[in-house]
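> Chain residues, written in single-letter form:
Protein chains: 2
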Amino acid sequence: MTITVDYRFPPGIDPQKQAKIIAVGQTAGTWDAKWSHREDTLKQHLAEVIDIQTDERGYSIAKIAFPEMNVENDIASLLTMIFGKYSMAGAAKVLGVHLPESYGQRPKFGITGIRKTLNVWNRPLIMAIFKPALGLSAADHGIILKQVAQAGLDIIKDDEILGDLATAPTLKRLEACRQVIEEIQQQTGRTVLYAVNVTGKADQLIQKARLLVKQGANALLLNVLTYGFSVLEALAADPEINVPIFAHPAFAGAMCASADTGLSYSVILGTLMAHAGVDAVLYPAHYGSLPFEAQEEHNIRDNLRSRNVFPVPSAGIHPGIVPKAIADYGNEVILNAGTGIMDHPDNPGAGVQAFFEALERLESGQPFTVDSLPPGALKQALEKWGV
Amino acid sequence: MTITVDYRFPPGIDPQKQAKIIAVGQTAGTWDAKWSHREDTLKQHLAEVIDIQTDERGYSIAKIAFPEMNVENDIASLLTMIFGKYSMAGAAKVLGVHLPESYGQRPKFGITGIRKTLNVWNRPLIMAIFKPALGLSAADHGIILKQVAQAGLDIIKDDEILGDLATAPTLKRLEACRQVIEEIQQQTGRTVLYAVNVTGKADQLIQKARLLVKQGANALLLNVLTYGFSVLEALAADPEINVPIFAHPAFAGAMCASADTGLSYSVILGTLMAHAGVDAVLYPAHYGSLPFEAQEEHNIRDNLRSRNVFPVPSAGIHPGIVPKAIADYGNEVILNAGTGIMDHPDNPGAGVQAFFEALERLESGQPFTVDSLPPGALKQALEKWGV
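Order-wise, the sequence lines are chains A and B. Oh and the first sequence: position 323 is 323 in the UniProt record's numbering, straight run, nothing missing. Oh and the second sequence: position 24 is 24 in the UniProt record's numbering, straight run, nothing missing.
Simulated from the structure, these hints should not be mistaken for lab results. In this text the structure is predicted, and so the values were computed from the model without any measurement. The beta carbon of each residue, even a glycine, is placed where N, CA and C say it ideally should be. Some clues are possibly wrong.
Said to hold, decoys possible - With a straight-line cut-off of 27 Å between C-alpha atoms, the simulated BS3-like cross-links for lysine-lysine are:
#, chain 1, residue 1, chain 2, residue 2
1, B, Lys116, A, Lys34
2, A, Lys43, B, Lys146
3, B, Lys379, B, Lys324
4, B, Lys34, A, Lys214
5, A, Lys208, B, Lys146
6, A, Lys379, A, Lys146
7, B, Lys172, A, Lys208
8, A, Lys146, B, Lys43
9, A, Lys20, B, Lys384
10, B, Lys108, A, Lys208
11, A, Lys34, B, Lys379
12, A, Lys208, A, Lys172
13, A, Lys172, B, Lys34
14, A, Lys146, B, Lys108
15, A, Lys384, B, Lys17
16, B, Lys214, B, Lys116
17, A, Lys384, B, Lys214
What the hints assert, rightly or not - Across the chosen pairs, the derived CB separations fall in these ranges:
#, chain 1, residue 1, chain 2, residue 2, range
18, A, Ala259, B, Lys324, 26 to 36 Å
19, A, Lys34, B, Gly330, 34 to 44 Å
20, A, Tyr287, B, Lys17, 46 to 56 Å
21, A, Pro11, B, Ser306, 39 to 49 Å
22, A, Ala259, B, His98, 47 to 57 Å
23, A, His98, B, Asp51, 39 to 49 Å
24, B, Ala259, A, Asp55, 52 to 62 Å
25, B, Gln295, A, Gly58, 22 to 32 Å
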């Protein structure tokens, strides 16, 4: 089996020469006569340039096929091979990575597993983020969760910046929120997921994740790109981590925001996440608060769904965005709002209600303008954040 | 204590506005009246814009001071805070990170510890890389090591692409090389370090590293940027890993090669590595085979040395480069050559000899041109690779 990678070179770069450098330099390398008796084995490890196309602007895309035997069925060794040393060689961007179906891992839960846990099947899931991000106590987290969970929220997560801090230690946050989750379960039969941000040095992080699950955590959040794909893959493969893992895209821009270097967002947040075993992936919605291309967002969505991973468009999501999001996604999506729920003019619970009102209004085909709305949570949200 | 970060914005970006977005959005975030009773705590977590300068080309540098209490004394939480979500916000590059002395970890060995292990004090250390990178057997590694170790080599490492592959499993490579290292020790009293590439999912990687050390590995190699800083920090903090750790820069270009996004090489390969507990860091020499700026190389060198971490300029290093390298570095450096040793016209042992001849020739102030050299390993090297 081979792994095919698409590299894009800007005008002025010789794509034939660079493709050859990658195919040889990122695999076996060169050898001289003293290794002629190993030639068969050495050749097996070489990559092959299978296609080079140059467009009218002078941009070239080289397709290079790498032997799967060169890597360890994980993302870290894959990145080292396809863009390790070569990432420092000049202008080249990895636009696509095409992996065998069997490469890496599949999510333990994914779209179907998360829906089954929540027993919600026929609508998008609504997710919130605890805000303000830093400075609330563990008890404050419990108070917020009660408001939004009673309003029908499906999932809540820590802000990605909130680690295991003295002001609100991770286990204390879990303790405060677990009580609320149990109350809601007893009162309504509904499950609410709380994705707890798991942090620390890799060994401590894995231990802490196991402890959190033992203590009742029903979901985890990981900043995959600052902690490392190998940490995600360890959690995803760990039988004790029998809860969904949500990936946050923090730091993705450091690898993906440049036009002519790094990798595309759809590779990092789409393809690689989808083969690393994560259950849901957050990323910027193109009509949100971060600059993002619609095509990249669509590619991420499709790459994730192809392996049953839940797409979670985020950043600047508020109730007024629901019609655009549903047009793009249909129901198989988690809509994730931070201030778009927490800063609702009324209260966070009204922020959640506004999302559900928006979903119902769309479902029943009613108009979606401020003027057409009855007084209530959705009207207030649209007045504040627009459509 | 605070952590100060320098962000550079290109012309056309409003640095005041962006600096404010970072200082608030990457810390506590905004809050409304309902959290006024938490105002004191929330404010403690906010970052502060301490300076903004714009140069004549329109580039601005904003200095932002973050409270150290927001992060966990590690690199992953630091990166999430200073450039997590914001990395996706548009054109901005992290040029400098200024950490408290006590932040993170210090190397267990570093420059002084590695010199003590080798008992070599008054010259640069010479390091080689097994080549070809993929396709040799474990026994081939032993044969190569014998040649270069007998010629006086100090350190050898796996190619960063060589993981735990069927053609040469990691433990088998160690077994073959450990025998050679023991022979050399018995025959000459000299220690030769072999930095074994440690790979796998984070938990397995850490277990494998411990096993390798138990089985006699006297150094480790880690692709820090593809596996994750949290993995490096776990190894560096682990009392069982009582051998030097060498960091490979694979994938650094994905984060650092862009002029207006990502982070500078001297932050990723200098500052952050130096606070993560690693003992030696490889990076491109500016006169080597990869495009690299002299100033960035010098900054990396100085950032590493300031915390006793060994700088290892690499990529395209060969004996002819020795005069330039010594002029830049003096003796506190590890000169790391791959094909510049392995592809010496005579044999890899002659490649090592050529480095030592070069050092002696410089020491004694003799001319360093092909014509002035007597026949031998150095002359052959200069004839092949130039000066």
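> Now tell me if each hint is right for this structure.
Hints, one by one, checked against the model:
Between lysine 116 of chain B and lysine 34 of chain A the alpha-carbon distance is near 35 Å, which puts this suggested pair outside the 27 Å criterion. With a C-alpha separation of about 25 Å, the suggested pairing of lysine 43 of chain A with lysine 146 of chain B holds against the 27 Å cut-off. A C-alpha spacing of about 17 Å is found between lysine 379 of chain B and lysine 324 of chain B, which places the hinted pair at or below 27 Å, so the restraint holds. The suggested pairing of lysine 34 of chain B with lysine 214 of chain A is violated, with an alpha-carbon distance near 34 Å, which exceeds 27 Å.
This hinted pair does not check out: lysine 208 of chain A and lysine 146 of chain B have alpha carbons roughly 44 Å apart, beyond 27 Å. Distance check on the hinted pair: lysine 379 of chain A and lysine 146 of chain A sit about 23 Å apart at the alpha-carbon level, within 27 Å; holds. Between lysine 172 of chain B and lysine 208 of chain A the CA atoms are separated by roughly 33 Å; this puts the pair beyond 27 Å, and the hint is violated. Using a Cα cut-off of 27 Å, the hinted pair lysine 146 of chain A and lysine 43 of chain B holds, with the two alpha carbons roughly 25 Å apart.
Taking the CA atoms of lysine 20 of chain A and lysine 384 of chain B, the gap is about 22 Å. The hint holds against a cut of 27 Å. A threshold of 27 Å between alpha carbons decides the hint, and for lysine 108 of chain B with lysine 208 of chain A the separation of about 25 Å falls inside it, so the pair holds. Our distance criterion of 27 Å between C-alpha atoms is met by lysine 34 of chain A and lysine 379 of chain B, whose separation comes to about 21 Å. The hinted pair formed by lysine 208 of chain A and lysine 172 of chain A meets the criterion: a straight-line CA distance of about 13 Å does not exceed 27 Å.
A distance of roughly 22 Å separates the Cα atoms of lysine 172 of chain A and lysine 34 of chain B; the hinted pair therefore holds under the 27 Å criterion. Proximity of lysine 146 of chain A to lysine 108 of chain B is assessed by CA-CA distance (about 47 Å); at most 27 Å being required, the pair is judged violated. Straight-line distance between C-alpha atoms of lysine 384 of chain A and lysine 17 of chain B comes to about 22 Å, which keeps the hinted pair within the 27 Å bound. Between lysine 214 of chain B and lysine 116 of chain B, the direct Cα distance comes to roughly 21 Å. Compliance with the 27 Å bound is thereby established for this hinted pair.
Distance restraint check for lysine 384 of chain A and lysine 214 of chain B: the Cα-Cα separation of roughly 62 Å exceeds the 27 Å cut-off, and the hinted pair is therefore not satisfied. At roughly 34 Å, the beta carbons of alanine 259 of chain A and lysine 324 of chain B sit within the given window of 26 to 36 Å. The given range of 34 to 44 Å is respected by lysine 34 of chain A and glycine 330 of chain B, whose C-beta atoms sit roughly 35 Å from each other. A hinted range of 46 to 56 Å for the beta carbons of tyrosine 287 of chain A and lysine 17 of chain B is inconsistent with their spacing of about 21 Å.
Look at proline 11 of chain A against serine 306 of chain B: about 41 Å separates their beta carbons, and that is inside 39 to 49 Å. One distance hint, 47 to 57 Å for the beta-carbon pair alanine 259 of chain A and histidine 98 of chain B, is violated here, with the actual separation near 30 Å. One distance hint, 39 to 49 Å for the beta-carbon pair histidine 98 of chain A and aspartate 51 of chain B, holds here, with the actual separation near 47 Å. The hinted window of 52 to 62 Å between alanine 259 of chain B and aspartate 55 of chain A is violated, with their beta carbons roughly 23 Å apart.
Under the hint 22 to 32 Å, the C-beta atoms of glutamine 295 of chain B and glycine 58 of chain A, about 30 Å apart, fit the expected range.
This entry does not satisfy hints 1, 4, 5, 7, 14, 17, 20, 22, 24, going by the numbered hints stated previously.
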